[in-house]
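Student: Work the whole structure out from these sequences, hints included.
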Amino acid sequence: MKIVLFAPHGDDEIYAAGGTLLKWLDEGHDVHIIYVTDNRVWLEWGIKEGTLIEENAKPYMKLSGEEMAQICIKESKEVIKALDISEKNVHFYKFPDQEAKNNIELGISLSKEIIKNADRIVMPSDNNNHVDHQATHIIAKRAAQELNLKNIEYYVYALYNILKAPNEKQIKIPIKKFREKKYEIMKLYKTQLCLEDMDLGWKNFKFKRFERFGVFNFKDMGKYENF
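When we follow this note's numbering, the leftmost residue of the sequence shown carries the number 2, and every step to the right adds one.
For the record, the hints were derived by calculation from the structure and aren't laboratory data.
Check before you lean on any hint, since a few could be wrong.
[Unchecked claim] Computed beta-carbon distance windows for the label pairs:
{"id": "1", "residue 1": "Ile54", "residue 2": "Glu106", "range": "34 to 42 Å"}
{"id": "2", "residue 1": "Glu185", "residue 2": "Lys220", "range": "36 to 44 Å"}
{"id": "3", "residue 1": "Phe208", "residue 2": "Glu114", "range": "38 to 46 Å"}
{"id": "4", "residue 1": "Asn118", "residue 2": "Lys207", "range": "31 to 39 Å"}
{"id": "5", "residue 1": "Lys207", "residue 2": "Ser110", "range": "38 to 46 Å"}
For every residue, glycine included, the Cβ atom is placed at its ideal position computed from N, Cα and C.
Tutor: Okay, structure coming up:
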């Protein structure tokens, strides 16, 4: 099965679906990841939101946005190696962080070639509070609509908002077997663990038993808050 996961930023693939990705890879599925933005403003965002762990962030305080982007992309490449995903299955759009909304048409164009023969697409939820997550949802869904991908599964994950879907449209994937490895892989995102919320979420990985997704089909588009 070809599975394509859309990650608005490097680390979203691990927070939302790290254990599930490891499970799918263990089962032998053909997993692809699309990284939409370059995460360059994480430090600026952390300062603005008052969530920066200053001691951890010291090595990055004087770096430019471009330098930050290069570090964040390098971290994602290290994560890809740890997941043991082939480099040919990884796609970096490198849209500036917080600017995915201004690159939607390009994102759709790039995505269509990657997802045209997918069996399952994994994407962030609709009506999302984070601008890059919302833009990524739009890119993934519109690319699928333009290709008329009627016979595939659509998995939706909720970060920055709550998954709102009836029980029959939800699935909980057990990840207990993989949560320790998920925890260790997240350590590679040193930049993201400079943020209090991310650091706290990471520490809870060791206790997480399931990852939850909304599971939809092509005809469901627009009928549910998250899809």
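Student: Run through the hints listed earlier and report the numbers of any the structure violates, in increasing order.
Tutor: none
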